[in-house]
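The primary structure of each chain is shown beneath.
There are 2 protein chains.
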Amino acid sequence: MKKKIVIALGGNALLQRAEVLSAENQQRSIQLFAQMAAELARDYQLVIVHGNGPQVGLLALQNAAYTQAPAWPLDILVAESQGMIGFAIAQELMPFTGGAPVTTLMTRVEVDPADAAFALPGKYIGPVYPPEQQAELEKRYGWQMKADGQYIRRVVASPTPLKIIDSEAICTLMEAGHTVICCGGGGIPVVKHTEGYQGVEAVIDKDLTAAVLAQSIDADHLLILTDADAVYENWGTPQARALRHVTVEELSPFAAPDGAMGPKAAAVMQFVKQTGNTAFIGALKDAPQILAGEKGTCVTR
Amino acid sequence: MKKKIVIALGGNALLQRAEVLSAENQQRSIQLFAQMAAELARDYQLVIVHGNGPQVGLLALQNAAYTQAPAWPLDILVAESQGMIGFAIAQELMPFTGGAPVTTLMTRVEVDPADAAFALPGKYIGPVYPPEQQAELEKRYGWQMKADGQYIRRVVASPTPLKIIDSEAICTLMEAGHTVICCGGGGIPVVKHTEGYQGVEAVIDKDLTAAVLAQSIDADHLLILTDADAVYENWGTPQARALRHVTVEELSPFAAPDGAMGPKAAAVMQFVKQTGNTAFIGALKDAPQILAGEKGTCVTR
Chain A
1 MKKKIVIALG GNALLQRAEV LSAENQQRSI QLFAQMAAEL ARDYQLVIVH GNGPQVGLLA
61 LQNAAYTQAP AWPLDILVAE SQGMIGFAIA QELMPFTGGA PVTTLMTRVE VDPADAAFAL
121 PGKYIGPVYP PEQQAELEKR YGWQMKADGQ YIRRVVASPT PLKIIDSEAI CTLMEAGHTV
181 ICCGGGGIPV VKHTEGYQGV EAVIDKDLTA AVLAQSIDAD HLLILTDADA VYENWGTPQA
241 RALRHVTVEE LSPFAAPDGA MGPKAAAVMQ FVKQTGNTAF IGALKDAPQI LAGEKGTCVT
301 R
Chain B
302 MKKKIVIALG GNALLQRAEV LSAENQQRSI QLFAQMAAEL ARDYQLVIVH GNGPQVGLLA
362 LQNAAYTQAP AWPLDILVAE SQGMIGFAIA QELMPFTGGA PVTTLMTRVE VDPADAAFAL
422 PGKYIGPVYP PEQQAELEKR YGWQMKADGQ YIRRVVASPT PLKIIDSEAI CTLMEAGHTV
482 ICCGGGGIPV VKHTEGYQGV EAVIDKDLTA AVLAQSIDAD HLLILTDADA VYENWGTPQA
542 RALRHVTVEE LSPFAAPDGA MGPKAAAVMQ FVKQTGNTAF IGALKDAPQI LAGEKGTCVT
602 R
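Just so you know, the sequences run in chain order A and B.
Quick note: the first sequence, position 3, residue 3 per my numbering, numbers continuous.
Quick note: the second sequence, position 289, residue 590 per my numbering, numbers continuous.
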């Protein structure tokens, strides 16, 4: 039996927020990912979770060209983004899996309707805009905008993921030997309802969802791939130093929600604490070396 | 073991092309479908295939509000529509399945790159427009437009489905007792490539795909749900009469590609001929009575 690894791949690693949000640009990043994933697939059974920040915001724009209907809600847009990105990843991965099926699952994730995040939208989605368009965008679409570097960008609520509704399907497919792409965009956010579940307007952090998923499917490892090549101490100073191997305790100062590594560090800590297994954070291009302990940040209990 | 039934549900039955393409309108139709499906689920294991005509055209409009990128290709838009509709169906079905999981699968379907349909776009997608906008829409989006009743509407290529790429995942989930939603919008159209498959610009007919699927998973029945309550002979004349029970041979005059029932009749004939099993065509609201032989059209070898 191969070891099971959950790989969380950033939406921004697939489509830079400041580049043109085109199918061609997304395809190029996914091809790079597929090459990395192919190397990992020799030793591991892969479960792939991808982000959707730029893409889900792009999907929200469809409303601008069809003003007869109110905007479609974010839960449905997240479901759309699971198709938009999951299909593209599956296509690029298939030639590398030696005939083993690659399957993309629509995945719902439960959140708490009382989550404080609903009152404080903080997750960036969609393309960036020049700051002078703020008033116009807020008025035209009813969006909440926030500064993102030199630009402004739409922000939405990002509640904490509690449970993967579709985990049984994921496990069934894994047992049958599938490479599974799931929980795209952090999963479709739903809340418990008298009968079943109801979608809510939010976009869940995909790293936190990947940690919940990795626990629920008994993964051996969690690997978070991002732009940065490691977690750094003294970042932005002459003393900046990449952390190669840290304990959960040593990583904890980096888990502040507003830090660049906040949700990633929090996700990794949660997985390692609960399972005692090893997790990794590093750059997409270094994926095989990260698992070999040569690059990135390795986190143990 | 319950009998296995593939249900094909029209995109227009979910969202009328001439009504406002809103999440609320889609939800209302899906709730009606869920009530019908709940009755069927007592006696059958359901596999649900849905159309996406109005929805995939709506998704194509996102480009109009984000002109920096070229339009995203139709294969990716079909994948988006599988999330958009599949998620909504899964949500409404869950309360009725008595705890059995409802799972939505991204599904790819192989077509022939030499299919004559690529040269003759004939499948309507998206909202309807007044005829006087034809020149403007063709120029602005590069779309091909065609009359649809009193309106005009975008048309795209609709090649014949050959093979369900993800059928192994569908079977694995069915064996584990899942209600499976798959092949949405007729499936994501792909063509064989030196290494794997490549997406193509098309929207496959979902009834024809449902027939291919029903054969590949050994379904006991194929049920096509639409607006009409049966196949009629002498339709539009005072001698109009609903066909209650016909053989494949008696149905064959109705399978002309340009007839209202064309792809539905062709799909049903293909399934019944190949398997010797029974298929049905009728209205969404009559689903349980159709299977009981009280309404709709029943087709046998």
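A hint or two may mislead.
Over 10 angstroms on every C-beta distance to chain A, these chain B residues come out as not near it, computed from the model [to be verified]:
hint : residue
1    : Ser330
2    : Gln336
3    : Gln346
4    : Asp521
5    : Arg542
6    : Ala556
Here are a few chain A residues that face chain B, going by a calculated C-beta distance under 10 angstroms [as the list claims (entries may be wrong)]:
hint : residue
7    : Ser29
8    : Leu59
9    : Leu61
10   : Ala64
11   : Ala65
12   : Ala69
13   : Ile76
14   : Gly86
15   : Arg108
16   : Ile188
17   : Gln198
18   : Gln215
19   : Asp218
Stretches of chain A that chain B covers, calculated by requiring three or more beta carbons in the stretch to come under 8 angstroms of a beta carbon on chain B [unchecked claim]:
hint : stretch
20   : 95 to 104
21   : 171 to 178
Rather than coming from a laboratory, the hints here were simulated on the basis of the structure.
We put the CB at the ideal spot given by N, CA and C, even for glycine.
Now the hints, each set against the structure:
At the 10 angstroms boundary, the C-beta of serine 330 (chain B) stays outside the reach of chain A, the nearest C-beta of that chain being 14 angstroms off. Annotated as non-interface, glutamine 336 (chain B) keeps its C-beta farther than 10 angstroms from every C-beta of chain A; the closest such distance is 12 angstroms. For glutamine 346 (chain B), the shortest C-beta to C-beta distance to chain A comes to about 15 angstroms, beyond the 10 angstroms cut-off, and the non-interface label holds. For aspartate 521 (chain B), the requirement that its beta carbon stay farther than 10 angstroms from each beta carbon of chain A is met, with the minimum near 22 angstroms.
At roughly 39 angstroms from the closest C-beta of chain A, the C-beta of arginine 542 (chain B) stays outside 10 angstroms, upholding its exclusion from the interface. With a least beta-carbon separation of about 31 angstroms from chain A, alanine 556 (chain B) lies farther than 10 angstroms from that chain, consistent with its non-interface assignment. Look at serine 29 (chain A): its Cβ only gets to about 14 angstroms from chain B, farther than 10 angstroms, so that hint breaks. With 10 angstroms as the threshold, the beta carbon of leucine 59 (chain A) comes within range of chain B, its nearest partner Cβ sitting at about 6 angstroms, so the hint holds.
The closest approach between the C-beta of leucine 61 (chain A) and any C-beta of chain B is roughly 4 angstroms, which is under the 10 angstroms cut-off, so the hint is satisfied. At its closest, the beta carbon of alanine 64 (chain A) sits 3 angstroms from a beta carbon of chain B; the interface hint therefore holds under the 10 angstroms criterion. A distance limit of 10 angstroms between C-beta atoms decides the matter here; for alanine 65 (chain A) the minimum to chain B is near 3 angstroms, and the interface restraint holds. Given the 10 angstroms rule on beta carbons, the hint for alanine 69 (chain A) holds: about 4 angstroms separates it from the nearest Cβ of chain B.
The criterion of a C-beta within 10 angstroms of any C-beta in chain B is met by isoleucine 76 (chain A), whose closest approach is roughly 6 angstroms, and the hint holds. For the restraint placing glycine 86 (chain A) at the interface with chain B, the shortest Cβ-Cβ distance is roughly 6 angstroms, inside the 10 angstroms limit, so the hint holds. Interface hint at arginine 108 (chain A): satisfied, since its Cβ lies 7 angstroms from the closest Cβ of chain B, which is below the 10 angstroms cut-off. Using the Cβ-Cβ criterion of 10 angstroms, the hint placing isoleucine 188 (chain A) at the interface with chain B is satisfied: the shortest such distance is roughly 6 angstroms.
Look at glutamine 198 (chain A): its Cβ gets to within about 7 angstroms of chain B, closer than 10 angstroms, so that hint holds up. The beta carbon of glutamine 215 (chain A) is not positioned within 10 angstroms of any beta carbon in chain B (closest approach about 19 angstroms), and the interface hint is therefore violated. Checking aspartate 218 (chain A) against chain B by beta carbon gives a least distance of about 18 angstroms; that is not within 10 angstroms, so the hint is violated. Using a Cβ-Cβ cut-off of 8 angstroms, 4 residues of the stretch 95 to 104 of chain A lie near chain B, which meets the minimum of three, so the contact claim holds.
Counting residues of the stretch 171 to 178 of chain A whose C-beta lies closer than 8 angstroms to any C-beta of chain B gives 4; at least three are required, and the coverage claim holds.
Hints 7, 18, 19, counting from the list given before, are not met by this structure.
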